[in-house]
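Trainee: Spelled out from the first residue to the last, the chains are:
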Amino acid sequence: MTENSTPPTGTITVDRVWKRFRADRNRPVFRDEVGRLADTVRGRGDPKRWRWALQNITLQVDPGEAVGLFGSNGSGKSTLLKILTRVMYPTAGRLRISGRVGALIEIRAGVHPDLTGRENIYLYGSIMGLRRSEIDRRFDEIVDFAELSDALDRQLKYYSSGMAMRLGFAVAAFLQPDVLLVDEVLAVGDASFQQKCLDRMRAVLQEGTTLIFVSHDLASIESIARRGVWLRNGVVATDAPIREALSAYRQHIESAAKLSVLDNGDIGASASATGPGGSVALSGDPLHVNLNITSAKARRAILYVGVSEGSAAPIFSVHQELKLEPGANIRRCTLQSVPLPRGRYFVWLAITDSTGSDLVPWHPACEFDVHGPELEPLLPGVMRLSPVHIAADWASTDAPVSSTRYPANDD
Amino acid sequence: MKNPKVAAVTGHNVGFCLEFPSRTMIVGAGVTTTSPTGQLQEPPAALRFRRQLRFDTAMSELWQARGLVRTLAERDLRVRYKRTFLGVGWAVINPVLFMVVFTFFFQKSAHIVTGGVPYALFAYIALVPWSFFAQATSAGSASLLSNMSLLNKVYCPREVFPITAIITAGFDALVASAVLVMLFIAYGYPPATATVWVPLLVIIEVAFALGLTLFMCSTLIYLRDLRYAVPLIVQLGMFISPVAYSITAIPRGLRPYYDVLNPMGPILDSFRRTVLHNLAPDGTALALAGAASAVWLVGGYSVFKRLETGFADFA
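So the protein lines, in turn, are chains A and B.
With my numbering applied, the first sequence covers 1 to 411.
With my numbering applied, the second sequence covers 1 to 315.
Do not rely on the hints blindly, as some may be mistaken.
As the list claims (entries may be wrong) - A few chain B residues facing chain A, derived, Cβ under 7 Å:
(1) P43
(2) L47
(3) F49
(4) G67
(5) L68
(6) R75
(7) K82
(8) S149
(9) K153
(10) V154
(11) Y155
(12) L223
(13) A312
What the hints contain is simulated information worked out from the structure, not anything from laboratory work.
Virtual Cβ for every residue (Gly too), placed ideally from N, Cα, C.
The whole structure should be built from the sequences, with the hints applied where relevant.
Mentor: This is the structure we're talking about:
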């Protein structure tokens, strides 16, 4: 191990880091200790006292790398980030970060509602480790970026949560750290500001800052990170290029999204999906969704069918009003030219009555594979809403098209 | 830290390096438990994280964070002025009201030896340092808890919070001193030349207040009862300290113990002796108080640093 050599600025080395918490965090520490002492005296066994939040985490992040950190709730993402920011100490292991660390974590913590926007910029800035003169120098830029010039002398308690978030992000954006840690903060901003933040993060990355980005929003992670780390129950489950890591994570969510045939005796539905003639589905080809709906009585109902990557949010969805007979009703829905790239997908469905109340709730009914081209890569810093594949023809024409063409990237 | 860049970077979020002591690693040494899948269930003992604490780095980090202390103190003061109608007036009202009450009840009825000094002045000269001490310790003890949301999210030297509380209290004491000046003028009783001793007294008092605060605020995270105990202790403290009465009320034989256990006794007495009576402080008593304060400061800081690693875990 090269203990004393100096890694280049912006390097993060996490070497076999472990972190544990008390199993019962609600009990006052002191009473807990006293109780345990009493238990020991009485000769009772030691109950499970600790819960490991992180186990044997090893990560090496090079300067300028953009790492997306994701995983379900309680998987240890925030704990790892807190250890990286030095807010928490690991139980075991070794940790090294070279350069200035900036963390953008929950704005509300660092600002005070009774102070004005101006005062809060100074407060948040010094909390982030900026000196007064540094804030002075960047003040106008910060205000500009946050788009808060007319709210500057208003107390923060009269700000909307989006405005407060903009203020915090703007301060952090001009921090110029060597390592920037961002924890799930963009969620409250509106779409245009989110895009602005992503652009800013990309600019920061191009300046050579190392970025660790934690979010539940896989689309925004995908747009900014090159490398993905999936934490699962405190263990690094996957550490790979972002698409690979995300698809591993999605597969996991998929397998957790239990396929089910719902039938409550009154009404039930099952489905299967195939390509034309029962073959495998291909990108751009029709997709047949075969439905079997059993109903106890004749009724009118509305059927919703959607295709998703695993989550409840479908890539697209269709609906149809049905007249159901008592007993089994076989229906086939043919989706024309499905624009899905290669991968595994799920059919979700739901049935409601004509007033819109649920007869069968929205649930995954079956899965199917699509063969065809891979999903096209995306310009970094741009969020993709739906992973669809559209075939494109490229041709050079003699006709002048300069008016519609973008100028070369001058970054 | 060998990274030259690190030394150059200012602000407190500088590069850092947390290492366990570089002992020889005994690979596969007996105690590690393994799950059936072969995965480690616990970290090997040699990997246990031990913080290497160095006094000089801690101090330089704290020095780097002086801007933050200033901003936080400013925040606390500004917020108070924005929220309250009387604002800065509250710094004065507290000691003045005590002075009025003391004067009303004690001046005539109880036989308090003031040595020829008007009682109001006699009481007020002790009330200013006492109010400082009371406010510093009660606000300081709660400082970590009340800044928990910050403490939990952003790194900065944790001492920043109790220190900020003490500075805020110091600001209030300065404001309260304005009334002292008015009393000197009103009674035609100017401060004596021995007032030059005051800076030393202030240093001892701040050391005591800081030591006590560091101890209290860090233990309070683990033992929340202290949150309710501290105001009570401070309240009682005023009665066992020579604020309303002279230190001569303490029996002579008990004085050495008293001076060590309650450094505020000799400190307050010294304020009176020097400013009002133009005497040097009582050397033995002040030395005992100074030594006790130093012990509190060193001990409080050690406890604080020891407990610091767990603050975020138990928040």
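Trainee: Each hint needs a verdict: does it hold in this structure or not?
Mentor: Now the hints, each set against the structure:
1. Evaluation of the P43(B) hint against chain A yields a held restraint, the C-beta minimum of about 4 Å falling below 7 Å.
2. Evaluation of the L47(B) hint against chain A yields a held restraint, the C-beta minimum of about 4 Å falling below 7 Å.
3. About 5 Å separates the beta-carbon of F49(B) from the nearest beta-carbon of chain A, less than 7 Å, and the hint is met.
4. The closest approach between the C-beta of G67(B) and any C-beta of chain A is roughly 5 Å, which is under the 7 Å cut-off, so the hint is satisfied.
5. Satisfaction of the interface hint for L68(B) is found here, the shortest Cβ-Cβ separation to chain A being roughly 5 Å, below the 7 Å cut-off.
6. Residue-level restraint check for R75(B) holds (minimum Cβ-Cβ distance to chain A is 6 Å; threshold 7 Å).
7. Satisfaction of the interface hint for K82(B) is found here, the shortest Cβ-Cβ separation to chain A being roughly 5 Å, below the 7 Å cut-off.
8. Hint on S149(B) holds. Least Cβ distance to chain A is approximately 4 Å, under the 7 Å limit.
9. Interface restraint check for K153(B): the shortest CB-CB distance to chain A comes to about 4 Å, inside 7 Å, so the restraint holds.
10. A cut of 7 Å between beta carbons decides the hint on V154(B): the least distance to chain A is about 5 Å, and the hint holds.
11. Restraint check, Y155(B) versus chain A: the minimum CB separation of about 4 Å is within 7 Å; hint holds.
12. Hint on L223(B) holds. Least Cβ distance to chain A is approximately 5 Å, under the 7 Å limit.
13. At about 5 Å, the closest approach between the beta carbon of A312(B) and any beta carbon in chain A falls short of 7 Å, and the interface hint on this residue holds.
Checked against the numbered hints given earlier, this structure breaks none of them.
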